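Top to bottom, those sequences are chains A and B.
Residues 13 to 126 in our numbering are what the first sequence lists, from first letter to last.
Residues 1422 to 1533 in our numbering are what the second sequence lists, from first letter to last.
Think of the hints as simulated: they come from the structure by calculation, not from any bench.
It is possible that some hints are incorrect.
Stated by the list, open to error - As a list, the in silico BS3-like pairs of lysine-lysine whose alpha-carbon atoms are at most 27 Å apart:
(1) K1423/B <-> K1525/B
(2) K1477/B <-> K21/A
(3) K1423/B <-> K1488/B
(4) K1528/B <-> K1488/B
(5) K69/A <-> K1525/B
(6) K1463/B <-> K1477/B
(7) K1423/B <-> K1477/B
(8) K1463/B <-> K26/A
(9) K69/A <-> K26/A
(10) K1525/B <-> K1477/B
(11) K69/A <-> K21/A
(12) K83/A <-> K1463/B
(13) K69/A <-> K83/A
(14) K1528/B <-> K1477/B
(15) K1488/B <-> K1525/B
(16) K69/A <-> K1463/B
(17) K69/A <-> K1423/B
(18) K83/A <-> K21/A
(19) K21/A <-> K1528/B
(20) K1477/B <-> K1488/B
(21) K1528/B <-> K1463/B
(22) K1488/B <-> K1463/B
(23) K1463/B <-> K21/A
Note that the structure is a prediction, hence the values are computed from the model and not measured.
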Amino acid sequence: NAGVTQTPKFQVLKTGQSMTLQCAQDMNHNSMYWYRQDPGMGLRLIYYSASEGTTDKGEVPNGYNVSRLNKREFSLRLESAAPSQTSVYFCASSESTGGHYEQYFGPGTRLTVT
Amino acid sequence: QKEVEQNSGPLSVPEGAIASLNCTYSDRVSQSFFWYRQYSGKSPELIMSIYSNGDKEDGRFTAQLNKASQYVSLLIRDSQPSDSATYLCAVKTWAGSYQLTFGKGTKLSVIP
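Chain A with its partners taken away, still in its complex shape (with noise of 0.2 Å):
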């Protein structure tokens, strides 16, 4: 099994630019988050999908858009990129957001914004 994985693992952007970081799971997990690591600033959750079909807003959702395609697969899409989001960003899975279900990350996207 593979886990969770994601791509691009690196990537450079201009201020304005789009993309999306794609994440997918083959653990046959529920849940599914993406968090973005900065220095000094530890993990934050930007949006999660506690099931297929459903997605929420984290602690810093603004400028990110999410779409949980399947089971498997969620993305992140940065519509207009800008110097602020340039950080490290994690995709992570868990079988549930609730119990005591643990949440297993994947090997991230180290992106910087120019």
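Given chain A, work out where chain B should sit, using these hints.
Same frame as chain A, but now just chain B:
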């Protein structure tokens, strides 16, 4: 705002010593607690979870939970240079749905 606090470190311990990592949280009703290890440039890796008061041991790792004091810790016995990483404490909190709130991490350096 639910908060999870960790000492940022760096925490330096000699090889073979016990490393003690601490975390406090503000949400009194939290029930699930996790420790992740993150090597530089890599993603967080789950190493321990704990749900009940007391100790939970897994190999060289022991997680300790005290819900009354809102305190969770991670002990690493016989520390190895390969344990050098940032350790993230995560607490499952309720914010309209269950979400993981992460501390900013403690950087551990094990000195050979």
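Status of each hint after checking the structure:
1. With a C-alpha separation of about 13 Å, the suggested pairing of K1423/B with K1525/B holds against the 27 Å cut-off.
2. Distance restraint check for K1477/B and K21/A: the Cα-Cα separation of roughly 35 Å exceeds the 27 Å cut-off, and the hinted pair is therefore not satisfied.
3. Proposed proximity of K1423/B and K1488/B is supported: the alpha carbons are some 15 Å apart, at most 27 Å.
4. Restraint check for K1528/B and K1488/B: satisfied, since their Cα atoms lie roughly 24 Å apart, inside the 27 Å limit.
5. Annotation: proposed proximity of K69/A to K1525/B holds, straight-line Cα distance about 21 Å (limit 27 Å).
6. For the hint pairing K1463/B with K1477/B, the CA-to-CA distance comes to about 26 Å; that is within 27 Å, so the pair holds.
7. A hinted pair counts as satisfied when its Cα atoms are at most 27 Å apart, and K1423/B with K1477/B qualifies at roughly 25 Å.
8. The hinted pair formed by K1463/B and K26/A meets the criterion: a straight-line CA distance of about 25 Å does not exceed 27 Å.
9. Under the criterion of a C-alpha separation no larger than 27 Å, the hint pairing K69/A with K26/A is consistent with the structure, at around 25 Å.
10. A C-alpha spacing of about 23 Å is found between K1525/B and K1477/B, which places the hinted pair at or below 27 Å, so the restraint holds.
11. Between K69/A and K21/A the CA atoms are separated by roughly 24 Å; this keeps the pair inside 27 Å, and the hint holds.
12. Between K83/A and K1463/B the alpha-carbon distance is near 25 Å, which keeps this suggested pair within the 27 Å criterion.
13. At roughly 18 Å between alpha-carbon atoms, K69/A and K83/A fall within 27 Å of each other, so this suggested pair holds.
14. Using a Cα cut-off of 27 Å, the hinted pair K1528/B and K1477/B holds, with the two alpha carbons roughly 22 Å apart.
15. The straight-line distance between the Cα atoms of K1488/B and K1525/B is roughly 20 Å, inside the 27 Å bound, and the hint therefore holds.
16. For the proposed pair K69/A and K1463/B, the alpha carbon gap of about 25 Å is at most 27 Å, so the pair holds.
17. Taking the CA atoms of K69/A and K1423/B, the gap is about 16 Å. The hint holds against a cut of 27 Å.
18. Only pairs whose Cα atoms come within 27 Å are accepted, and K83/A paired with K21/A is accepted, the gap being roughly 22 Å.
19. For a cut-off of 27 Å, the pair hint linking K21/A to K1528/B stands: about 24 Å separates their Cα positions.
20. Between the alpha carbons of K1477/B and K1488/B the distance comes to roughly 14 Å, so the proposed pair stays at or under 27 Å and holds.
21. The suggested pairing of K1528/B with K1463/B holds, with an alpha-carbon distance near 14 Å, which does not exceed 27 Å.
22. For the proposed pair K1488/B and K1463/B, the alpha carbon gap of about 31 Å is over 27 Å, so the pair is violated.
23. At roughly 11 Å between alpha-carbon atoms, K1463/B and K21/A fall within 27 Å of each other, so this suggested pair holds.
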